[in-house]
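There are 2 protein chains.
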Amino acid sequence: MSKVLIIGAGGVGTVVAHKVAKNEIFTDIMLASRTKSKCDQIAAAVGGNRIQTAQVDADRVEELVALMRSFQPDIVINVALPYQDLTIMDACLECGVNYLDTANYEPKDEAHFEYSWQWAYQDRFKEKGLTAILGCGFDPGVSAIFTAYAAKHHFDEIQYLDIVDCNAGNHGKAFATNFNPEINIREITQNGRYYENGQWIKTGPLEIHNSLTYPNIGKRDSYLLYHEELESLVKNFPTIKRARFWMTFGQEYLTHLRVIQDIGMARIDEVEYNGMKIVPLQFLKAVLPDPKSLGANYHGQTSIGCRIRGIKDGKERTYYIYNNCDHEQAYKETGTQAVSYTTGVPAALGAAMFARGLWKGAGVYNVEQFDPDPFLAELGEQGLPWVEKFDIDLEV
Amino acid sequence: MSKVLIIGAGGVGTVVAHKVAKNEIFTDIMLASRTKSKCDQIAAAVGGNRIQTAQVDADRVEELVALMRSFQPDIVINVALPYQDLTIMDACLECGVNYLDTANYEPKDEAHFEYSWQWAYQDRFKEKGLTAILGCGFDPGVSAIFTAYAAKHHFDEIQYLDIVDCNAGNHGKAFATNFNPEINIREITQNGRYYENGQWIKTGPLEIHNSLTYPNIGKRDSYLLYHEELESLVKNFPTIKRARFWMTFGQEYLTHLRVIQDIGMARIDEVEYNGMKIVPLQFLKAVLPDPKSLGANYHGQTSIGCRIRGIKDGKERTYYIYNNCDHEQAYKETGTQAVSYTTGVPAALGAAMFARGLWKGAGVYNVEQFDPDPFLAELGEQGLPWVEKFDIDLEV
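Residue numbers (the numbering used here), protein chains in the order written: chain A, 1 to 396; chain B, 1 to 396.
No lab work stands behind these hints: they were computed from the structure. Check the hints yourself; a few may be wrong.
The list treats identical chains as one, so a pair stands whether inside a single copy or across any two.
[Stated by the list, open to error] PhoX-like cross-link-like pairs, simulated, lysine-lysine; straight-line CA separation at most 25 Å:
id	residue 1	residue 2
1	LYS277	LYS38
2	LYS277	LYS292
3	LYS235	LYS360
4	LYS36	LYS285
5	LYS173	LYS277
6	LYS22	LYS360
The shape of chain A in the complex, shown without the other chains:
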């Protein structure tokens, strides 16, 4: 018996709404976003009058507070923009509502990806007896739960962790980004970073790369990026000597991104045009295909997992745990492609873990701090089956 408020009606919000609606633990569901008509469309697609909708500007705490006061949810699932994490957390504190998100806070004017802003809410959530669950998508999210599962069952000491994220899908367009192109371009153009022997080592943007083999997919160029779950994982698993994150990009994709920067269309400052002030990257977003429109013709799979080396019973062992997700199947079920699907399913399942009292505690938590077993026991039937391999060549 739980009331849930979902904020955000993009691809991920669509998946969360579908999955939450199927779960009887959620008795009342509200979907809210800046544009109510988007929420109405999703609610209609889910059907059965399961979902109420509302308009809310997630940048404005007072609007969020008014909505929470009237709907009185037990938990908010925040799948809005990462710029909006803090306003939503503020409103949760004010209204006594628990909180879950899939991506950490990032200021609007620079690409940061650090937990410090949200970890700073620890005492306030604790004092109010509320739970905030950070980063419960796939990566961050399942990637950290996989790591916790490995630590609990297969290792005495995790020493080397490589999170590997491959999208081998093909959407048939010359160029398109899989989610908000602004966030996508920011992520890729920032410096890389990884953890080794207690230190963070900085790299140039996409400086380090490697050809890695993904199950059912094959070899793909994989680039070392900084990704937010590295920050919490090395803190929560202090035996880790080295932690890295790899993501695949095709040469064509990277060429397009480079040119977009060269020609000035990735600029986030205003440009004078016929007396108007226009941010080039915002205008580009209006010209590029809408990420939500990619689903219909998206073929192929994603493959995301953890490759781990460490010690068990005094011996070194290797371990690879991953999920492959099919774009077409994801689209058939929810009307969105696998990149949104793999983020939305864990968010809905994490909220269910909380609603059922399987994940609990006052304060701010990263998902690897909870018991991974009940989550992973259900993840497969929720649409994201996972596979384990032992003592193989990790390539990394």
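Given the structure of chain A, go ahead and fit chain B onto it with the hints provided.
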């Protein structure tokens, strides 16, 4: 003793103004464009009160007529946009003024590059006893005069003509176009075309390419394009069996153009953005570096010429005539780079040929129909020295 009206205050207009001002045959000079302040800047740079300025919208015949009636020029040098050739020719006919341009008319909504529109003015110019000189830049322009010179002095029969245009300059920017990016992108994305055995043969855009060696530069990838002087040259030199035009592009430049198309920024239709209607290519033009701004750090040379094979005294011979122009030197003299310089110098010299009665005749003429000797005798001292080579490997 001649009065000249220059229309157009871009890079080419700047060069024409500088060169015309140095020539005593031009007693009165007026420079006019849509933005009078640009004309004033150029006039100030030339100095000595040599140049008057005026505002005119070259899309509007009545404005052009009013300006010509008040200034009463003997000849107009049209270095405005190719969209505006016909309105300017109309005004010349109405006011009894002779005409010279550097690029043939092209409708605004499609890339055409055909002389038919302007050749249709033949009878009207003839009846009024006026001269219209078409395509008196470098290519078209000097390229056709080189061909006429070859036909006059070195060949009984020109059989194979390859016009080769190399820009080996480096402006130090990741990407920029050398002139109006809109025209530049249109030219390159259209189909290629060349003449062979009485027929025009169509190719895909940039489908045919070849590595050609340019003097003082070396090997450069050169792409077969359609270029307007081919149309008049095969008509005026009917012994020609094959005529082609080649232009160099670096891989990086082509990659940038391809991506600009892929991401939709080359679109010339309107896109909805925050309630405004914006043409992506027009917005891109506002974000890209202004071609006029490239001059300051432009290094390297251009090399444009004609490679000809044919018969002289019953024997086959080969011939290469070309000019190399240095970006830095062009900038030092006129404040613009070599691409504008090589177009503006021939326009000013062509107008001087007319003013001195060396080129004359009532009607519409392409430059190869005049005597090439007096023009080429002066071209070197005007800043574009040329070189001849005989009986060499033409590579084409």
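A quick look at each hint next to the structure:
1. LYS277 / LYS38: between (28 Å within a copy, 23 Å between copies)
2. LYS277 / LYS292: between (27 Å within a copy, 23 Å between copies)
3. LYS235 / LYS360: within (20 Å within a copy, 86 Å between copies)
4. LYS36 / LYS285: Answer is within: at 21 Å inside a copy they meet the 25 Å cutoff, but 36 Å across does not.
5. LYS173 / LYS277: Close across copies (24 Å), not inside one copy (30 Å); limit 25 Å.
6. LYS22 / LYS360: This pair counts as within: shortest intra-copy Cα distance 22 Å, inter-copy 86 Å.
Hint violations for this structure: none, all hints satisfied.
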